[in-house]
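**Student:** Top to bottom, those sequences are chains A and B. 407 is the number that our numbering gives the last residue of the first sequence; the numbers go up by one with no jumps. 1407 is the number that our numbering gives the last residue of the second sequence; the numbers go up by one with no jumps.
If you are wondering where the hints come from, they were derived from the structure by calculation, not from laboratory data.
Simulated coverage check for chain B against chain A, where a stretch passes if three residues somewhere in it have a Cβ under 8 Å from a Cβ of chain A:
(1) 1034-1046
(2) 1088-1094
(3) 1377-1386
Sample of chain A residues facing chain B (criterion: CB under 7 Å; computed from the structure):
(4) Arg366
(5) Asp368
(6) Ala382
(7) Trp383
(8) Gly384
(9) Ala393
(10) Ile394
(11) Gly397
(12) Val402
(13) Arg404
(14) Phe405
(15) Ala407
Source: prediction; values computed, not measured. Backbone N, C-alpha and C define an ideal beta-carbon position, used for all residues, glycine too.
2 protein chains.
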Amino acid sequence: MAIHDDRPAGDPLAELKTANDQRILLLVMDGLGGLPREPGGPTELEAARTPNLDALAAGAECGLHVPIDYGIAPGSAPGHLALFGYDPLQYPIGRGIVAALGIGHPIRGGDVAARLNFATRDDTGLITDRRAGRIPTELCTRLAALLDGIELPGVEVAVRPVRDYRAVVVLHGAGLSDRVSDTDPARTGVAALPPRALAPEAEHTAQVAAAFVVRARELLADEAPANEVLLRGFAQLPRIPSLTDRFGLSPVALAVYPDYKGVSRLVGMEVVEGLADLDAQSRALAAAWPGHDYFFVHHKYTDSAGEDGDFDAKVAEVEKVDRALPGLLAGEPDVVIVTGDHSTPSVARSHTAHPVPFLVHGAAVRPDAVRQFGERECAAGAWGVVPGRALMAIALGHAGKVARFGA
Amino acid sequence: MAIHDDRPAGDPLAELKTANDQRILLLVMDGLGGLPREPGGPTELEAARTPNLDALAAGAECGLHVPIDYGIAPGSAPGHLALFGYDPLQYPIGRGIVAALGIGHPIRGGDVAARLNFATRDDTGLITDRRAGRIPTELCTRLAALLDGIELPGVEVAVRPVRDYRAVVVLHGAGLSDRVSDTDPARTGVAALPPRALAPEAEHTAQVAAAFVVRARELLADEAPANEVLLRGFAQLPRIPSLTDRFGLSPVALAVYPDYKGVSRLVGMEVVEGLADLDAQSRALAAAWPGHDYFFVHHKYTDSAGEDGDFDAKVAEVEKVDRALPGLLAGEPDVVIVTGDHSTPSVARSHTAHPVPFLVHGAAVRPDAVRQFGERECAAGAWGVVPGRALMAIALGHAGKVARFGA
Chain A
1 MAIHDDRPAG DPLAELKTAN DQRILLLVMD GLGGLPREPG GPTELEAART PNLDALAAGA
61 ECGLHVPIDY GIAPGSAPGH LALFGYDPLQ YPIGRGIVAA LGIGHPIRGG DVAARLNFAT
121 RDDTGLITDR RAGRIPTELC TRLAALLDGI ELPGVEVAVR PVRDYRAVVV LHGAGLSDRV
181 SDTDPARTGV AALPPRALAP EAEHTAQVAA AFVVRARELL ADEAPANEVL LRGFAQLPRI
241 PSLTDRFGLS PVALAVYPDY KGVSRLVGME VVEGLADLDA QSRALAAAWP GHDYFFVHHK
301 YTDSAGEDGD FDAKVAEVEK VDRALPGLLA GEPDVVIVTG DHSTPSVARS HTAHPVPFLV
361 HGAAVRPDAV RQFGERECAA GAWGVVPGRA LMAIALGHAG KVARFGA
Chain B
1001 MAIHDDRPAG DPLAELKTAN DQRILLLVMD GLGGLPREPG GPTELEAART PNLDALAAGA
1061 ECGLHVPIDY GIAPGSAPGH LALFGYDPLQ YPIGRGIVAA LGIGHPIRGG DVAARLNFAT
1121 RDDTGLITDR RAGRIPTELC TRLAALLDGI ELPGVEVAVR PVRDYRAVVV LHGAGLSDRV
1181 SDTDPARTGV AALPPRALAP EAEHTAQVAA AFVVRARELL ADEAPANEVL LRGFAQLPRI
1241 PSLTDRFGLS PVALAVYPDY KGVSRLVGME VVEGLADLDA QSRALAAAWP GHDYFFVHHK
1301 YTDSAGEDGD FDAKVAEVEK VDRALPGLLA GEPDVVIVTG DHSTPSVARS HTAHPVPFLV
1361 HGAAVRPDAV RQFGERECAA GAWGVVPGRA LMAIALGHAG KVARFGA
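Whenever a hint applies, use it, and build me the whole structure from the sequences.
**Tutor:** Right, dumping it as structure tokens:
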């Protein structure tokens, strides 16, 4: 049985949604779930000194969640969709969309977005560097502006810089499809691939993409090492009902990294820009307090440390969040969820499918025996193992935002 | 999102049903799940002295169940549907149907039932009391008989008293639909609403309802304070396969309150009438023993005490059931389930979404470490958190009423 599923009955939580002034705070430590460094040892979270998280856990319902499904390591976007109460398998999100939303570029239904990487090609057309020597963002910005002017029949082209050699291209027009193959060959010494239609309805888009690449090469001819473009992750906006439509929430995202702002916008969250660290996030949380009832605070560096294979650095990032916790809770949210969007054990150096520890705190919870916020204690918590998207439902229930079902 | 899912495979338990003489007893303490009165304290069930339930739990498999879905507080009818092995989201039950079945009024497929509340209107037609001064049941009975005679073209009208100012109207005829809006404005100082069709196929029914209201006002003209009727919860019988069809059971319900008899009839249970208390239920259980293999015993007052916010009264009701347990088990049922249909913590004074403790006892169970029947011990029980409807499946399995699936 899939750990979660789509009901014939549709969306019961949406049908039962009940607005009130209760506030829900979701605190995400990216890639929180971990593994012991040595057999029998503690995980990163278990090793961390977390007096504030432990105190919260002592009055909370704890458990482990599976973001996507058993055995599946989540990407960051689907992992967060689950935490926001959606079934990630129902709403696949393409890389191009995440990139465009991440930089705040407005995407309309039907638009096709793709990641654009500046690269280097030699005189014979072979790729010699897929990252154009990692050109600086300033140069990326100038070159993106150059390509932004490209005119193609019946299609508006927008090219925007992201960071370093990475940009995004967005096509706007009628009859577009995202069923187009990547042009990035994923290795050097070969030519870029032609964009191919992966479905009949994508022939037009594939031709548009091919014409764009030809024109881009002309404009970049004298810009070596950035004289080539590689396109990947063609994607269109998935139709996702917003958190307001589904749950009646007024949500706001307090994230530092573009991708998490992107997935937040995807579900209709207001996004606060220009946040550099937990202090700024904490201040922005206080400022957003009056006008919202759902607050998403995201901390990236637990995941970064895990990806780097740095056990101690991940421990330090967890402790940093623990020290920031009192400030984040200063407004006294009615329901608090603390968890991760997936596991990134430092011994694995990557996202894994391991269940992710969580706690749900609030006046209406039924506290369990968990006294320390960690993987093994949470496994013995009140909830056991639940689907990631159950956390939103549980929080909404505790916040009184779900009407009774039936007489 | 669902804690349980509906399989494309259909209804495996029905396909595998195997009749035998093993008996299953389901003992429901309504609204059993609770919360501590003060932080760190016991719940009502944990505070109750329950030597008999604890002894049963010591040899049982325990856990918590979610009747409807994460975060959703169950109504009594859907809560019981789950305990009977059905997905409540798949079989929504309208208020009118629950009321009609509750008083034992025969409902045929296609009939439309609605709650009818006697109310008071002033000379200008505005509602001044939505409950007609809570007229006594005797008066309600006389007035219902008055309206019961209403004749409308092509439709049989039945009006039956329920209790106090509450009655039920049942329409029988061709081409009826329950997609009709309530006439109860839900507040005073305004006129009753006209019944509106919520779907094209309901136009006829809306007209019938409107004609009924006009005629009812004429008949009640001199009956102030009960000179108005308010209709709500138009509903038709959901097509629910019976416990006999699905599981091959010969079920009997031993309940005191009308609503629980109603939902029992909905799944094809035989219903014993005229039961006043646990003693009578215990005697009726013994009398029904020879002819049945599934016994549903319902105790209402745990929920009532929770709704009243009376922690001690709920504790006392649990202890009352504990004292009655030996008598209820005198026939030595092969499988016993003890649980609730939802949580009604006295601190909440209402149904909540909190998981509900359960135990499953029988010769074939694999006992866990639970020694005291309570929320937190059950959270650490053999089953963890399961969908409500899993309890029936687990009981059928232990009773040997499910054939092996596959070679």
